[in-house]
Each structure stands twice: as structure tokens, then as C-alpha cells.
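Chains as they are written, first to last, in this note's numbering: chain A, 1 to 323; chain B, 1 to 320; chain C, 1 to 585.
Because the hints were derived from the structure by calculation, they are not lab data. Do not take every clue at face value.
Derived DEER-like restraints, expressed as beta-carbon distance ranges [what the hints assert, rightly or not]:
id, chain 1, residue 1, chain 2, residue 2, range
1, B, Trp181, A, Gly122, 29 to 37 angstroms
2, C, Pro211, A, Val142, 50 to 58 angstroms
3, B, Asp78, C, Pro211, 38 to 46 angstroms
4, B, Leu140, A, Arg32, 45 to 53 angstroms
5, C, Thr274, B, Trp181, 19 to 27 angstroms
6, B, Thr221, A, Glu212, 28 to 36 angstroms
7, B, Lys163, A, Trp28, 21 to 29 angstroms
8, A, Ala80, C, Gly118, 35 to 43 angstroms
Everything numeric in this text was worked out from a predicted model, so none of it was measured. We put the CB at the ideal spot given by N, CA and C, even for glycine.
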Amino acid sequence: MSVGAPGLLAQEDRVERAFETALPRSPWQLFRARLRADKVALAALGTIVALVLIAIFAPLVVKLAGAPGPNVQDRSAVDAFGTPLGPSSGHIFGVDPLGRDVFSRTVYGARVSLLVGIVGTGVAVLLGVTVGLLAGYYRGWVDTLLSRLVDVVLSFPVLLLGIGIASACSLGNGCVAGAVTPGVRTVILVVALVSWTSIARIVRGQVLSLREREFVVAARSLGASNRRIVLREILPNLTAPIIVYSSLLLPQTILLEAALSFLGVGVAPPTASWGWMLADAADNFDTQWWYMVFPGAALLLTVLAFNLLGDGLRDALDPRTER
Amino acid sequence: MAAYILRRVLWGVVLLVLVSLLTFAIFYVLPSADPAQLRAGRDASPATLHQIRVSLGLDKPLTVQYWTFLKHLVLHADLGYSYFSGASVGSLLLDRLPATISLTLGAVVIWLLAAVPLGVVSAVRRGTWVDKLTTGGALLGVSMPVYWLGLVALYLFANDIGKLPLLPGAGSYVPFTHDPWKWLTSLILPWLVLASTFAAVYARLLRGNMIEVLSEDYVRTARANGLSERRVVWRHGLRAAVTPLVTLAGLDVGLLLGGAVLTETVFGIPGIGRLNYDAITHADYPLIQGTVLLAAIFVIVANILVDVAYAYLDPRVRET
Amino acid sequence: MRRSANRALSLVSLCIAAAIALSACGSSTTTGGTGASADNGAGGHRGGSLTVLTSQDMASLDPGITYASLDLNVLAATERTLYTYAPNDPSNIAPDLAAGPPQISPDGRTLTVKIRSGVRFGPPVNREVTSRDVAYAIERGFNPHVANPYASTYYGDIVGADRATGGPIPGIQTPDDHTIVFKLTRPTASLLAQATVLPLDAPVPPEYAKPFDAKAPSTYANNVVSTGPYMYAADRGGRVLGTGYVPGRSVRLVRNPSWSAGGDKRPAYLNAITIEIGGSPTVSGRQVLAGRGLVLADSPTPELVKRAYLHNRSQIYFSPGAGTNYAALNTAIAPFDDADLRKAVAAELDRQQMRTVRGGAVVGDSGSHFLYPGVLGFEQAGGQQGTGVDFLANPQGDRALAARYMKAAGYPSGKYTGGQTVQIVGLAGAPDSDDAQIFQQALQDLGFKTTLKLVDSTVMYARFCGLPKARVQACPNVGWIRDFADPQTVLDVAFNGNDIFPENNPNWPQLNDPAINRAMARAELTVGTQQRANAWGTIDRMITATAAAIPWLWDRQPNIFAANVRCVPELWNQGHCDFAYTSLK
């Protein structure tokens with residue numbers, strides 16, 4: 001976090017305070033009305049939908065644009081000294097030193113970013129919510145143990161932890177007895193492992209106050225099982241903060257994936273990834289600007305869209321926002 | 001209060017041990033380069049390799065190795081020797097620390113100086129173009145990958161490769177003691193780049209806090225009592241709104257002192273983050289352990305300081 | 001110029017090297033241009049200081065350990081070995097610490113060297129060097145605390161060396177202060193005399209170094225003493241670490257007050273040499289081309305080679321014969337235990353493109369066997385024409401031929417359907433990573449599923465390519481460069497089937513061909529330049545025919561320097577400016 005995501009701590013704080021009072025059960029209509037009125041958030045949502053579609057239909061997009069595939073090495077697009085050619089009608093974003101089309105790679109790069117961003121965030125949220133629920137509901141030694149675990153992870157330099165795990169798991173058959181194979185899965189694991197702690201803290205805090213509320217006490221006195229209380233009574237009340245926090249976490253995980261790839265421990269080549277492209281471009285960005293500008297702009301646009309949507313969701317779900 | 005601090009410090013020490021254990025597990029148990037092979041030659045026989053392992057203590061069980069490491073650390077403040085360069089880890093850390101401290105402290109000053117006025121103004125003038133510009137810019141700042149921003153900054157302003165050669169570029173860092181002026185100019189670009197992301201986060205946070213605070217009862221009362229708006233904003237509003245920011249700054253400084261890998265990489269600054277990254281790529285375990293521990297110490301100390309400050313202000317905290 | 005730590009395996013990146021006389025190279029070089037011409041440096045201006053920029057740290061300052069290119073460069077200015085190469089003559093050894101040519105007994109089993117008198121250690125030792133210091137230097141190479149990488153390869157024939165662990169070796173005798181005698185178990189004295197150009201025999205004062213060597217690992221590097229014209233800046237006690245060497249940051253060389261110019265051929269024009277470590281080659285390279293008093297010790301990026309070649313031709317030097325880069329295919333396990341599959345890969349691979357991403361024709365010739373231009377035996381192995389194997393005939397690859405070999409291997413469609421995923425391990429960082437990806441693409445075009453892992457060179461050799469149990473199937477970024485002017489140093493360790501070790505294995509393709517092994521055993525003992533050229537040239541042909549490794553570049557290492565630097569390239573290394581001969585204009 002020291003490097004990729006300075007925002008998380010701050011956002012955690014915001015989210016926590018925004019949901020100090022749990023939402024009433026059904027504010028969805030209000031939420032939808034508010035979101036519909038938020039043009040910026042809608043535009044961001046539109047952008048994200050477009051990006052997801054581009055990622056899913058990347059082969060089609062590339063074909064329609066008349067570009068070669070992301071791994072096609074066009075020998076003729078590199079001169080005798082190995083200098084790649086810049087934007088031209090044949091390669092609208094230029095090519096990289098291997099003669100691969102930068103447009104095509106930028107389009108395919110969306111796949112890695114979004115996949116790692118969405119799945120990585122999903123895993124982190126799942127992990128964080130589980131830990132937060134257990135710690136907050138059971139309190140006592142469970143809470144102590146889990147909170148201390150969070151402490152340990154938080155005192156680790158997060159990006160370095162990521163680099164370490166990524167380099168360890170990208171050897172041979174991967175790690176954890178082969179469950180985590182090198183490539184995208186490793187990156188997802190790393191991203192999730194370094195991102196789950198903040199959501200665990202938020203959920204724990206919420207659960208601590210929720211478990212004393214009347215409806216929980218009532219359920220308990222009616223003899224409901226712990227499992228039922230946690231899943232049926234408490235969890236639904238956490239939906240709003242979880243949604244908001246996930247949406248704020250998502251752009252951070254995308255940045256983290258790109259940072260890992262930039263440092264050479266992300267997805268394996270030749271898979272196109274924006275972070276990888278930027279790392280490659282760093283060698284000659286002064287003369288081959290196209291190689292740095294296009295993937296960088298794509299990354300910026302994606303993260304910006306998710307941040308805007310996250311802001312919009314937070315405002316729409318925040319019970320105190322006045323309109 | 002003393003008991004509280006003591007408890008926090010003790011837990012901090014336990015945390016450090018846990019962090020070192022985790023590092024040991026990740027980088028040692030999971031495959032890393034074999035230091036005996038790093039040292040031995042292309043034709044070294046298995047017997048030679050074995051002798052090197054014995055001389056480095058690598059033939060012992062992992063638990064013994066870890067225990068030896070802890071013992072040396074506690075009794076002699078000795079972190080061991082880099083497998084790669086053979087230099088002592090302590091000396092390597094000391095050598096890199098000034099660069100990281102320079103980078104961090106300069107950046108934190110800049111981001112606070114930028115974020116506080118921007119946050120306040122956009123909160124007070126909500127909805128105006130100033131606010132829109134600030135919030136928009138802040139959002140952009142939050143979304144910008146710091147290394148990309150660094151590359152763009154070098155592309156534009158570095159005096160060796162930039163289009164508008166204004167400032168020293170990558171690899172120009174010199175220690176303060178060497179040449180203060182060069183030190184200053186070489187750090188301007190990295191400071192600005194590193195600070196931009198943080199400034200964006202802080203401005204956003206401050207704006208939100210400020211809006212909340214200004215709607216609180218006591219501020220309204222102050223206003224009703226006829227205090228000037230300026231006084232209300234700066235005296236009452238800012239003080240309350242800025243406190244969480246200071247806390248956050250403490251934690252962020254702690255994190256950054258552990259090394260800002262990306263910024264250090266892009267600008268070629270010989271700091272702790274880069275040292276750790278290089279150690280990982282070389283699978284240089286003692287150096288990995290040293291850098292991770294140093295980073296953890298900074299984080300833990302920052303946390304303790306922040307918590308103690310909080311406890312000092314709010315006695316209820318001490319009880320929990 | 002990636003350094004590969006102490007374990008040096010070569011790669012172009014590292015180690016030792018050399019090329020034979022320039023004229024030979026000139027005549028055999030077909031493509032590419034040259035930059036500045038090699039200079040012997042005579043008549044340079046005295047004074048001034050040179051700054052060397054490099055992204056890579058030194059592997060070790062210890063002459064008993066180091067084996068990396070930059071280190072050898074530095075040691076050539078700070079140490080005196082028995083024999084050495086003049087910077088512009090990489091094929092004939094010349095006496096340095098030795099007082100005259102090596103005396104080899106008629107049976108080839110005894111080597112006697114007389115040592116020059118009047119050579120003194122630098123501070124803090126300041127005494128005259130004796131034969132005992134040379135003996136100790138070699139003996140400590142066998143000490144596991146020092147663990148010299150090539151001691152057993154080149155000094156292993158000395159009587160008693162097989163049992164040496166740092167103490168006296170019976171086969172090294174010092175009848176007087178100025179004579180050292182090596183007794184050998186095999187008639188290899190002439191090879192040993194040549195091997196003394198490597199820094200292991202640079203004298204080390206035992207009374208000073210023994211306490212350091214008692215530590216595990218030895219800390220002599222932190223306190224190293226010089227005999228050459230330059231020494232590391234050090235504190236009063238001789239401690240270099242922190243003063244003359246800050247790991248990852250800088251090396252500072254100053255004049256050695258104990259050195260006297262008489263009896264040393266090195267002119268030592270410069271007053272001081274500073275090496276600044278850690279800058280990126282992109283930025284440093286530009287600074288070098290535009291600046292004063294600067295040289296770059298890294299390989300310049302293709303972009304910089306192009307710029308220097310087109311606009312600053314006098315500031316770039318292409319060193320001929322800087323090694324062979326090749327892709328090693330693991331012959332021990334599937335799928336490349338099948339020779340036809342290996343040949344298919346060789347035929348498919350666009351070796352010319354692998355060169356293009358490194359800067360094009362100026363940086364070398366697309367290789368077609370392993371003894372590279374300038375090495376003895378190159379012509380005998382087929383020279384520029386190649387050995388005649390069809391799968392290496394076209395540097396751009398031959399798809400039809402590749403398909404034929406696939407058919408021969410039992411894949412009639414021309415695509416691999418064996419289901420084996422090929423693990424490739426290459427070097428991180430352009431242009432090496434680009435080469436790895438071109439290789440990967442060739443495999444994919446043949447229908448192989450692949451995974452590619454890019455790592456640091458140390459990790460690549462120690463964890464993957466040199467570790468048979470890692471079961472890596474292909475290593476596209478390996479390479480070898482000769483240790484001194486003999487073809488054995490190129491082929492023997494890298495392809496000898498008796499050199500396959502469970503770890504630290506330098507025979508990356510794990511080639512174990514009895515016929516080749518037998519031929520090598522004979523060639524090792526062959527005497528006479530022409531005979532050795534024939535013997536090793538034949539072995540090169542045999543190795544090439546197995547397709548266990550695919551040579552893709554005979555490196556012509558580009559080196560760039562500032563306009564006011566009169567660079568004297570070390571042709572025996574990778575053509576970097578020799579600090580002890582280079583001067584400022």
C-alpha cells in the first residue's frame with residue numbers, strides 16, 4: 001500500500017464513518033433514484049460496461065479495427081536497427097520492439113486488468129467479509145487472533161509481499177501444492193492477499209455494533225443458530241458498505257496488478273498487460289512514446305471510471321447524503 | 001498511560017517477530033536461489049557446495065536457522081550478510097536509508113501543503129468551478145499509476161531526455177551531504193510525482209471532513225454568534241477536519257519510509273524499496289529479511305505514535 | 001551486460017572473453033559495420049578522471065572469487081596476474097607478474113614461472129610480492145569460504161588439487177621467493193599457463209588475508225589489497241567496503257602509491273576511476289554520448305546503438321568475438337529428448353529477428369555454431385558458412401524444413417500434439433526478454449504449449465537452467481564466452497557429458513553424447529595450435545549437429561564512451577575501455 005494505493009486507508013475511514021449507522025433494510029429505491037440522477041456516475045458506469053465489452057470481445061474489436069492479433073510479431077514493422085515504427089495506418093497505435101501491434105495489445109490488456117481487478121477484488125472481499133464477520137460476531141479469542149493477523153499483514157510492506165509471493169508462485173507448477181498456478185491465478189491470489197485486510201476491519205466494526213441491535217438480540221432469544229443470525233440477520237445489513245467498499249477497492253486492485261506487472265512479477269509473457277507494456281516502454285519512452293502513452297491512458301481511464309462509479313455508489317448509498 | 005504505551009510497544013515487538021517469521025516462510029521455505037550456488041562456481045562439485053552450505057549454516061534444520069537469525073539480531077543487532085554482495089545487511093540499509101527519508105519527507109511536506117488549501121477551498125466553495133476543478137483533479141490523481149506519471153514527467157521535464165529540459169532526471173540523485181543543491185533539484189520531480197497521488201487522496205478526504213464539520217452544531221453556533229466566516233472556517237472547522245489527516249499522514253509516512261519501490265525505480269533513487277526489490281529478484285534472503293523488517297519497524301512505530309497520540313487526546317482508547 | 005554474480009557462467013554478459021587478432025575478424029565478418037577502431041593507447045595524456053556508468057553491481061572485488069565482466073575489467077587495473085593480455089592482443093599471453101615466458105617441461109606436466117622482483121603490494125601491506133603470495137592466492141581459491149568458480153576447471157590438474165580445501169597444495173611449489181612451480185597430473189601445462197590470465201593467481205598476502213579467509217564467507221573482498229597501478233580507495237586499515245566500494249552504489253579507484261611504472265606495460269594515464277552503479281542504461285547511455293569523461297559499462301540499448309552508429313560513430317566500438325548466444329534445449333527430458341523436434345525448433349526459429357531486437361547487424365552475426373569468429377577452431381568448424389546442417393542454414397528460419405522435421409518426429413501435421421507444456425526460462429529486461437519471446441513464438445508456431453518465465457540472470461542459472469531437477473525444457477538466453485584464447489574454454493564445460501551436475505550444472509542442454517565426450521577427452525590433451533584448432537573445430541561440428549543448443553548470435557559487443565575519452569578496448573574481455581590504458585583527450 002505504501003506505493004500502489006495510498007488511498008485505501010483514507011477510503012476505509014470514509015466508508016467506515018459513512019456507515020456508522022447501518023442502513024435500514026430497504027433503501028434500494030432511494031439508491032436507484034439517486035444513482036440515476038448522478039450523471040457522472042452513470043457515465044462512468046457506461047465506460048465500464050464498454051470496457052468490459054471490449055475485453056470480452058477483444059478478438060472482434062481487433063478484427064474490426066483491422067489490426068493483427070496481440071501476439072503477432074510483424075517483422076516488417078521494425079527497422080534494421082530494431083527500432084519499432086510509430087502510429088501509422090497499418091498499426092494505429094504503432095508497434096513494440098517485437099513488431100506487435102500496440103492497439104491490439106492495449107485492447108487485450110483490458111482482459112487482464114479487468115479479470116484481475118474484478119476477481120481479485122471478489123476474493124479479497126469474500127476473505128475480508130468472512131474474517132470480519134467471524135471476528136466481530138464471536139469476539140473473544142477469535143477476534144483477537146484474526147485482528148492480530150490483520151495487524152501482521154498490515155505491517156508488511158504490501159507491494160513487497162506481493163512481489164515475494166508472486167515470484168515464489170510463478171515457478172514451475174506454482175505453489176500451495178499446485179493450487180495456484182503461475183499466471184493470472186497467482187496475480188489474483190497476490191492481489192487478494194494484500195487487499196482483504198481493510199474490508200475485514202470495516203466489517204468487523206459494523207458487526208460489533210450490529211450484534212447488539214434489537215433484531216439480532218430478538219433473533220437470538222428466539223433460538224436462531226449463530227449461522228442463521230450471521231447470514232440472515234447481520235450480513236444483509238452489510239450489503240451497502242460492502243458494495244461501496246468493493247467498488248472503491250476495485251480500481252486499487254487494478255493498479256496493483258499493473259504495478260506487479262510493471263515490476264516484472266505479474267502475468268506471464270506474452271500475455272498483454274498494461275503494466276507489462278509500461279515496463280517495456282520505460283526503456284525507450286523518450287523515442288517510442290506511443291508505447292508508453294496508449295497503455296498508460298487505457299489504465300488511467302479504467303481506474304478513473306471505477307473511482308467515479310465508486311464515488312457515485314457511496315454518495316447514493318450514504319444515508320446522510322442530502323440531495 | 002505508561003501501561004498503555006508499554007502494551008503497544010510489546011505488541012509491536014511481537015509483531016516484528018511474526019513478520020520476520022512470515023518473511024522467513026515466504027522467501028526461504030518457498031524456493032529461492034541457493035546461496036551456496038550463488039557463491040560457488042560453474043564447476044563446483046557437490047562436495048564444495050556442501051562445504052559452503054555448512055559454512056553458511058544452511059545444512060541445519062530451518063527452525064535452527066531461524067533461531068540463529070533471531071539470536072544474532074537480538075544479541076548483536078546483526079542482520080547477517082547479503083548472499084549476493086557479501087556486504088553486511090545493516091550497512092546496506094544504512095546506506096540506502098537517507099535517500100528514502102529524503103524522498104518521503106519532501107513528498108509529505110508537498111502533499112500536505114497542496115492538499116490542505118485545496119481541500120478547504122473546495123469544501124467552502126462547494127459546487128463552484130474551484131471545487132469542481134479540485135475534485136476532478138484529485139480523482140485524476142488518485143487514478144494515476146505513479147510510475148506512469150513518473151515516466152510522463154521525465155518525458156516532459158527531465159534535463160537529459162525531456163521535451164522541456166527543466167530538472168535533473170532519472171539517476172541524478174546525490175546525497176544531501178554530497179551536494180545539497182543537487183540533492184534538492186534531483187528530488188523535485190520524484191517529490192512532485194509521489195506527492196501528487198497522496199495530495200489527491202488527502203484533498204478529497206479533507207473536503208469531505210470539512211463539509212461534515214461545517215454542518216456540525218458547534219460550528220453553526222459559532223457562526224450564529226457572529227464570528228467571521230474566515231474565523232469559523234480556519235479556527236473551528238479546519239482544526240477538527242484536519243486531525244484525521246494528520247493521523248493518516250503519520251501512517252503513510254511510516255509506510256513510505258519502508259520504501260517506495262515504484263517511484264525509486266522510475267527515478268533511479270537508491271532507496272530501501274529498490275534495495276528490497278533487487279534483493280527479491282536476486283533471491284538474496286538475508287537482505288530481503290532486513291529490508292522487510294526495517295519497513296515493518298517503520299509501520300509499527302508510526303502506528304504506535306499515532307495511537308499514543310490518540311490515546312493522549314481521548315482517554316477512552318486506553319481502556320480497549 | 002547482465003552480471004551473473006559469482007557464478008559466472010558466462011553469457012555474453014559475463015566473463016571473460018577475447019577475440020583473436022583483429023585481422024582475422026575483419027576477414028571473417030560479413031555484415032554489419034564497425035564503429036571506432038581498436039587503439040593501443042600509446043601516447044595518451046596523463047591525468048584526469050574517468051567515470052564509468054553501469055546498471056549492474058560488481059559481483060565481488062575478491063580476485064579469488066570474481067568472474068564477471070565488469071569485475072575483470074576493474075581487476076585488470078588493480079591486480080597483476082602471472083600472465084595477461086595486452087588490450088589489443090587477445091590471443092597471446094604476455095608476462096605481467098611473471099619475469100618471462102612460461103617454462104613448460106617436455107612431458108607437459110610441469111610449469112615453472114619466474115616472478116618479477118620489485119613488485120609491491122599496495123597499502124596497508126606495502127611489502128614485496130613473493131611466489132608464496134601467488135601460491136596462497138591459488139590455494140585459497142579451493143577454500144569453500146572463497147569458492148572460486150573456475151579453480152577446479154583450470155587448476156584441477158595440479159597434484160593434490162582434487163583434495164584441496166584451502167591449505168597448501170602439494171603440486172604448487174615455491175623453491176625461492178621468485179619462482180613458482182606447478183606439478184600436474186596430466187600434460188596440460190600450456191593450458192594452465194594461459195589460465196593464469198584469469199585473476200585467481202593475482203597475489204594475496206597470506207599474513208594479511210588469512211584472518212579474513214577464516215570467516216564464512218571470506219571477507220577479504222572488503223579489505224582487498226592491490227598490486228596494479230590502481231587500488232580501491234580505502235581507510236587507513238585497508239578497509240575498502242564503505243570507502244572504495246559501496247555495494248550497489250559506487251566503486252572508487254585511485255592510484256596505488258606502491259606501484260612503480262618500471263616493469264609494468266600499463267601506462268596508467270588516468271588519476272582516478274569512479275564507477276557509478278545503478279543508473280538505467282537508457283539514461284546513462286545518453287549521458288555518456290553527450291557528456292565528458294564518461295564510459296558506459298552496460299550494453300547500450302538498441303536505440304542508443306543506432307544513434308551512436310548513425311551520429312557519433314567515433315564514440316562506439318563494436319568488440320569482435322564477444323561470445324555466442326544460444327538457446328539450450330533440454331535433451332534429458334521430453335519433448336526435446338527427440339532430436340528431430342530440436343531440429344524442427346532450430347529450423348523454425350527466426351535467429352535474425354533475435355539479433356534485430358538487440359540492434360541489428362551491427363551487434364553481431366547470426367551464429368550457426370558455437371566457436372565464434374576470432375576463436376581458434378572457428379574456421380575449422382565451418383566459419384561464417386556454418387557447419388552445413390540444413391536446420392541452421394537460413395537465419396530467418398525455414399518453415400517448410402521445420403515441418404519436415406516435425407513429420408520425422410512423428411507429427412505429420414507439422415504441429416506438435418504431444419500435450420507436453422514446454423517450460424521456458426529466460427532473462428528479464430529488454431532486449432533479452434524480447435529474444436525469449438521470439439523463441440517462445442517459434443515454439444507456439446510449431447504447436448507447443450509454452451510457459452515463459454523471465455528472471456534475473458543469477459536466478460536463471462542457479463535456479464533453473466543449471467538445475468536439472470527444475471526440469472526446464474528450454475533456456476533461450478544462455479551464452480558462453482571464452483575464458484582465454486583456447487577453444488576448450490568455449491566447448492568443454494558447456495557441452496561435456498561428464499559435466500552434468502545435479503546442481504550448478506553448466507551443461508544446460510544436458511548433452512551427453514559418448515562420441516563427443518570421447519572426442520573432448522582426446523582434444524584436451526592435444527598439443528599444438530593447429531592440432532587443437534582441428535580437434536575442437538570437429539567437436540563444434542558434432543555438437544551443432546545434435547541441435548541440443550541453437551546458436552543465434554555471435555556477439556559483437558557495442559561499447560560507447562564520451563567524445564573526449566580515448567578508449568582502449570580490452571579485446572580479451574568484451575571490448576570495454578581498459579582503465580589502465582585509456583586516457584582523456
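Verification of the supplied hints:
Remark: the range hint 29 to 37 angstroms for Trp181 of chain B to Gly122 of chain A is contradicted by a beta-carbon distance near 51 angstroms. The hinted window of 50 to 58 angstroms between Pro211 of chain C and Val142 of chain A holds, with their beta carbons roughly 56 angstroms apart. The beta-carbon spacing between Asp78 of chain B and Pro211 of chain C, approximately 18 angstroms, falls outside the hinted interval of 38 to 46 angstroms. Roughly 28 angstroms separates the CB atoms of Leu140 of chain B and Arg32 of chain A, a value that falls outside the hinted 45 to 53 angstroms.
Roughly 20 angstroms separates the CB atoms of Thr274 of chain C and Trp181 of chain B, a value that falls within the hinted 19 to 27 angstroms. A hinted range of 28 to 36 angstroms holds for the C-beta pair Thr221 of chain B and Glu212 of chain A, which are about 32 angstroms apart. Separated by about 51 angstroms at the C-beta atoms, Lys163 of chain B and Trp28 of chain A break the suggested range of 21 to 29 angstroms. For Ala80 of chain A and Gly118 of chain C, the hinted distance range of 35 to 43 angstroms is not satisfied, since their beta carbons lie about 54 angstroms from each other.
Comparing the model with each numbered hint stated earlier shows that hints 1, 3, 4, 7, 8 do not hold.
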